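The listed protein sequences derive, respectively, from chains X and G. Numbered by full-length UniProt numbering, the letters in the first sequence go through residues 1 to 367 in order. Numbered by full-length UniProt numbering, the letters in the second sequence go through residues 1 to 367 in order.
Hints in this document: simulated from the structure, not taken from any laboratory. Since the model is a prediction, treat every value here as computed from it, not as a measurement. Cβ atoms here follow ideal geometry from the backbone N, Cα and C, with glycine treated the same way. Hints are not guaranteed to be accurate.
[Unchecked claim] Some chain X residues close to chain G (C-beta under 8 Å, calculated; not the full set): (1) 32; (2) 35; (3) 307; (4) 351; (5) 366; (6) 367.
Take a look at the letters that make up each chain.
2 protein chains.
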Amino acid sequence: MSDSLLHAIVPAGGAGTRLWPLSRRTAPKFLLDLTGAGRTLLQQTVDRLRPLTGAGGVTVVTGTAHAAAVRAQLPELAEADLLAEPSPRDSMAAIGLAAAVLARRHGDVVVGSFAADHVVRDTAAFERAVREAVAVARAGYVVTIGIEADRPSTAFGYIRAGEPLGGAGTPTARRVVGFTEKPDADTAAAYLATGEYRWNAGMFVVRAAVLLDHLAAERPALHAGLGEIADAWDTDARQEVLARVWPDLEKVAIDHAIAEPVAARGGVAVVPAAMGWDDVGDFASLATLVPPADDDVRVLGPAADVLTVDADGALVVPGSGRTVTVLGIPDAVVVDTPDAVLVTTRAHAQQVKQVVDLLRDGRDRLL
Amino acid sequence: MSDSLLHAIVPAGGAGTRLWPLSRRTAPKFLLDLTGAGRTLLQQTVDRLRPLTGAGGVTVVTGTAHAAAVRAQLPELAEADLLAEPSPRDSMAAIGLAAAVLARRHGDVVVGSFAADHVVRDTAAFERAVREAVAVARAGYVVTIGIEADRPSTAFGYIRAGEPLGGAGTPTARRVVGFTEKPDADTAAAYLATGEYRWNAGMFVVRAAVLLDHLAAERPALHAGLGEIADAWDTDARQEVLARVWPDLEKVAIDHAIAEPVAARGGVAVVPAAMGWDDVGDFASLATLVPPADDDVRVLGPAADVLTVDADGALVVPGSGRTVTVLGIPDAVVVDTPDAVLVTTRAHAQQVKQVVDLLRDGRDRLL
Numbered sequence: 001m002s003d004s005l006l007h008a009i010v011p012a013g014g015a016g017t018r019l020w021p022l023s024r025r026t027a028p029k030f031l032l033d034l035t036g037a038g039r040t041l042l043q044q045t046v047d048r049l050r051p052l053t054g055a056g057g058v059t060v061v062t063g064t065a066h067a068a069a070v071r072a073q074l075p076e077l078a079e080a081d082l083l084a085e086p087s088p089r090d091s092m093a094a095i096g097l098a099a100a101v102l103a104r105r106h107g108d109v110v111v112g113s114f115a116a117d118h119v120v121r122d123t124a125a126f127e128r129a130v131r132e133a134v135a136v137a138r139a140g141y142v143v144t145i146g147i148e149a150d151r152p153s154t155a156f157g158y159i160r161a162g163e164p165l166g167g168a169g170t171p172t173a174r175r176v177v178g179f180t181e182k183p184d185a186d187t188a189a190a191y192l193a194t195g196e197y198r199w200n201a202g203m204f205v206v207r208a209a210v211l212l213d214h215l216a217a218e219r220p221a222l223h224a225g226l227g228e229i230a231d232a233w234d235t236d237a238r239q240e241v242l243a244r245v246w247p248d249l250e251k252v253a254i255d256h257a258i259a260e261p262v263a264a265r266g267g268v269a270v271v272p273a274a275m276g277w278d279d280v281g282d283f284a285s286l287a288t289l290v291p292p293a294d295d296d297v298r299v300l301g302p303a304a305d306v307l308t309v310d311a312d313g314a315l316v317v318p319g320s321g322r323t324v325t326v327l328g329i330p331d332a333v334v335v336d337t338p339d340a341v342l343v344t345t346r347a348h349a350q351q352v353k354q355v356v357d358l359l360r361d362g363r364d365r366l367l
Numbered sequence: 001m002s003d004s005l006l007h008a009i010v011p012a013g014g015a016g017t018r019l020w021p022l023s024r025r026t027a028p029k030f031l032l033d034l035t036g037a038g039r040t041l042l043q044q045t046v047d048r049l050r051p052l053t054g055a056g057g058v059t060v061v062t063g064t065a066h067a068a069a070v071r072a073q074l075p076e077l078a079e080a081d082l083l084a085e086p087s088p089r090d091s092m093a094a095i096g097l098a099a100a101v102l103a104r105r106h107g108d109v110v111v112g113s114f115a116a117d118h119v120v121r122d123t124a125a126f127e128r129a130v131r132e133a134v135a136v137a138r139a140g141y142v143v144t145i146g147i148e149a150d151r152p153s154t155a156f157g158y159i160r161a162g163e164p165l166g167g168a169g170t171p172t173a174r175r176v177v178g179f180t181e182k183p184d185a186d187t188a189a190a191y192l193a194t195g196e197y198r199w200n201a202g203m204f205v206v207r208a209a210v211l212l213d214h215l216a217a218e219r220p221a222l223h224a225g226l227g228e229i230a231d232a233w234d235t236d237a238r239q240e241v242l243a244r245v246w247p248d249l250e251k252v253a254i255d256h257a258i259a260e261p262v263a264a265r266g267g268v269a270v271v272p273a274a275m276g277w278d279d280v281g282d283f284a285s286l287a288t289l290v291p292p293a294d295d296d297v298r299v300l301g302p303a304a305d306v307l308t309v310d311a312d313g314a315l316v317v318p319g320s321g322r323t324v325t326v327l328g329i330p331d332a333v334v335v336d337t338p339d340a341v342l343v344t345t346r347a348h349a350q351q352v353k354q355v356v357d358l359l360r361d362g363r364d365r366l367l
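Pulled out of the complex, with its shape left as it was, chain X reads as follows (with noise of 0.2 Å):
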């Protein structure tokens, strides 16, 4: 057993396909620095976690193709805590396989899985919510942290909130009820009014046994799968077993896998929380992250190649060393990259994926 207060697991995949020009096949999203904080958001990820899981607490799992940035931009990341997939099997797998790796490592340690691409602005209200998600986890609780909606997205999925646990040392966190997809405006309104909704973010706190025995009962090929690449994960037999099993592993979601049907039995819990969450999901997100300057423009990257006149709440991205001049645009977005510009406005975030899309056909060098 492990002594740090758990052991986290953080996914680093997704294109960010709504980010493109800025976020590339080989540039995704979780490699950039969106927030021009001087660090990635897979940075600004380990950093907000190593408080709660001390030195050697955080696993990485991402695609080969992503491992070398990934121990670039992690210069103190361990080699044995990259677990690098040979293609993509969705979250179920890249959570499963860490989960099961770390059990074989550490034990029945509580591991927590958290996205590599997601902003968090309150670091303190994130470290509270996990603490008191590890004190649930203990109990043998899948635990999800809930975060609190603040307007009716349509961008999100949500928590349904149930009555209170109620134990010691757990002073908010909820049974849940169940799990819904992204809603339409009507239905994210309607959840809005109830308070008993929370976003959910993909944080997922949870014992790694409870974890596993879930896996074995809902997925068991799944994770007979992942428990014989585990076995094999510290040996020479790796890449060979790898090799055999990954391929024909089971795509699905760990929400699917495991949250739902779980929550459905009454085995999910949700801290809820207010940290200043973002998925960064698109350019209208990525507005908001932005500090404006004057007229309400937001500029990520260097402000002096850029110019605005009657442009109240342009998003700006300036990165070819071009100037960019944006006249008579409200909210437009500007993404200026040395090989693709992208113009569009934040109402049409949501379409970057459709010009992307287009992309594929013939344009494919600059996906």
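Put chain G on the given structure of chain X with help from the hints.
Showing chain G alone in chain X's frame:
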């Protein structure tokens, strides 16, 4: 006396500020191919005039800074037919100098001035109008070609036509009542309703001696200065006289110096014409000159570099080899160059000069 129909004077000046960043100090509008025709506006202007002037009948007046570029674009232009101005002194000095030099070389020929940076789509109509203008000019009038106004434009000055001249061979020519500055929208609509107003395209056709006599009467100092320079032009004294006299010449437009006062005395005629003329004054104007592709999107440059979604009516000018994507901004104007990008809309085309004015402060290298 030359035996050509007329000697054309092509003032090649003007920055085209509202076409920044396409148009620059070092690459002003007249040096650019703005219609995708494979010929620059200057080249198209000369192409249009040659059938009327004959091989040696075009004289270009430009700034010394652009003389080399003009020569490169017009290799057939004789060295004597390029007059280089040491500094900009407005249209009266440019046209007056050329008229004075041509009068000394060829006698009292008919001269016609045609800006180097306008577009004419119906060349046959242009030729018909110029031929009639020459006939009227021979009778001693200052003749302007009045463009049929097909919309209440506020971007052009207007010519008010009076009674027909009624001479033989000049069936459409009318006396000019007066000239007006660019009107506001209500005034422009009222002009259109009367049927008496034409757009002033700055095309003047007049006998050289008539022009110089009017200049002597209206602006005797300017006339004297230009005369002294013209006397020296084809001699070794040209540079000395230019350096001494040119800097102090009055800066005044030919409209104010000649056309308006002479019209008030009944000495100006107009030949009306519909010839698909445009001064390509801004990106809204330019957009109408570029043929539309799918979705009414207009691309000036390599179409393969542009991708648009929900951007009907957009004008995109890809000019750096990068891919330019526009999403959800109808009538967007995006101009991409190696060192600057402009993002605006057709409705803001006139305000581009505000951007240019801001660039003067610290970003002069981009102008």
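- Query: Which hints, by number, does the structure contradict?
  - Reply: Per hint list: 1, 2, 6 violated.
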